[in-house]
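Enquirer: These protein sequence lines are chains H and Z, in that order.
For our numbering, count along the first sequence from 1 and bump the result up by 38.
For our numbering, count along the second sequence from 1 and bump the result up by 592.
Among the hints, erroneous ones may be present.
[As the list claims (entries may be wrong)] The list that follows gives simulated cross-link-like pairs (lysine-lysine, DSS-like), each with its CA atoms no further than 30 Å apart:
1. Z:K655 / H:K102
2. H:K102 / Z:K649
3. H:K104 / Z:K693
4. H:K79 / Z:K671
5. H:K58 / Z:K660
6. Z:K660 / H:K102
7. Z:K649 / H:K58
8. H:K102 / Z:K651
9. H:K93 / Z:K655
10. H:K52 / Z:K651
11. Z:K634 / H:K58
12. Z:K651 / H:K104
13. Z:K634 / H:K102
14. H:K104 / Z:K655
Calculated from the structure, these hints are not laboratory results.
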Amino acid sequence: GAVVSQHPSWVICKSGTSVKIECRSLDFQATTMFWYRQFPKQSLMLMATSNEGSKATYEQGVEKDKFLINHASLTLSTLTVTSAHPEDSSFYICSASPIGRGEQFFGPGTRLTVL
Amino acid sequence: EDQVTQSPEALRLQEGESSSLNCSYTVSGLRGLFWYRQDPGKGPEFLFTLYSAGEEKEKERLKATLTKKESFLHITAPKPEDSATYLCAVGGGADGLTFGKGTHLIIQP
Numbered sequence: 039g040a041v042v043s044q045h046p047s048w049v050i051c052k053s054g055t056s057v058k059i060e061c062r063s064l065d066f067q068a069t070t071m072f073w074y075r076q077f078p079k080q081s082l083m084l085m086a087t088s089n090e091g092s093k094a095t096y097e098q099g100v101e102k103d104k105f106l107i108n109h110a111s112l113t114l115s116t117l118t119v120t121s122a123h124p125e126d127s128s129f130y131i132c133s134a135s136p137i138g139r140g141e142q143f144f145g146p147g148t149r150l151t152v153l
Numbered sequence: 593e594d595q596v597t598q599s600p601e602a603l604r605l606q607e608g609e610s611s612s613l614n615c616s617y618t619v620s621g622l623r624g625l626f627w628y629r630q631d632p633g634k635g636p637e638f639l640f641t642l643y644s645a646g647e648e649k650e651k652e653r654l655k656a657t658l659t660k661k662e663s664f665l666h667i668t669a670p671k672p673e674d675s676a677t678y679l680c681a682v683g684g685g686a687d688g689l690t691f692g693k694g695t696h697l698i699i700q701p
């Protein structure tokens, strides 16, 4: 149980284009989902907290107009990287907490490469 | 601001050689302490949640313990398949997690 999927698993795009990443909880519902970013040989850094039916909360230094988050249902959150640039190339990972539980379960991650 | 420090950064063991990984934390109020395993190019895999000092959790060759200032992940008689990066994090519930930098563990046959 507690499986989280992400799609796509990897994407390559040209500078200036937008990319959408989907995060789904497959066997549980989550009122809160989270988006993290991980650069090579570094740990995960929280980007934003996504709450179903309301606006996302962004961490300091994360541009909310660049990283658009939508949490349309209790099993789906999306992250759109708008006008991507090479410095946005990273490993993006989502997580979700089953309702009433404290731990987060992570998706397999999406490798974004911006040329 | 929550802070998590893990040591050592890297650890190389022989198969069967037991050891412990350390996670020191500073929080204004502990909601939860979490251990994850991460393989290269993959998302973290949940291992344990600890909520209060004195609590212990076990799973196969792994055992996690918690005090008011730190947590240990004990690995008993490890096998090569236990090789991975082990991440410690604090937070939980409606809050995101603050991660340490991880311990890169290599188990040599």
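Enquirer: Determine for every hint whether it applies to the structure shown.
Expert: Consistency of the hints with the structure:
Restraint check: the Cα-Cα separation between K655 of chain Z and K102 of chain H comes to about 40 Å, which exceeds 30 Å; the hinted pair is violated. For the hint pairing K102 of chain H with K649 of chain Z, the CA-to-CA distance comes to about 38 Å; that exceeds 30 Å, so the pair is violated. Simply put, K104 of chain H and K693 of chain Z have alpha-carbon atoms about 26 Å apart, close enough for the 30 Å limit, and the pair holds. Taking the CA atoms of K79 of chain H and K671 of chain Z, the gap is about 23 Å. The hint holds against a cut of 30 Å.
Between the alpha carbons of K58 of chain H and K660 of chain Z the distance comes to roughly 41 Å, so the proposed pair goes past 30 Å and is violated. Using a Cα cut-off of 30 Å, the hinted pair K660 of chain Z and K102 of chain H is violated, with the two alpha carbons roughly 36 Å apart. Taken as a hint, the K649 of chain Z and K58 of chain H pair is broken in the structure, with Cα atoms around 38 Å apart against an allowance of 30 Å. Using a Cα cut-off of 30 Å, the hinted pair K102 of chain H and K651 of chain Z is violated, with the two alpha carbons roughly 40 Å apart.
For a cut-off of 30 Å, the pair hint linking K93 of chain H to K655 of chain Z is broken: about 39 Å separates their Cα positions. Distance restraint check for K52 of chain H and K651 of chain Z: the Cα-Cα separation of roughly 45 Å exceeds the 30 Å cut-off, and the hinted pair is therefore not satisfied. With a C-alpha separation of about 19 Å, the suggested pair K634 of chain Z and K58 of chain H falls inside the 30 Å cut-off, and the hint holds. For the proposed pair K651 of chain Z and K104 of chain H, the alpha carbon gap of about 41 Å is over 30 Å, so the pair is violated.
For a cut-off of 30 Å, the pair hint linking K634 of chain Z to K102 of chain H stands: about 26 Å separates their Cα positions. Pair hint K104 of chain H plus K655 of chain Z does not hold up; C-alpha atoms about 41 Å apart against a cutoff of 30 Å.
Hints 1, 2, 5, 6, 7, 8, 9, 10, 12 and 14, counting from the list given before, are not met by this structure.
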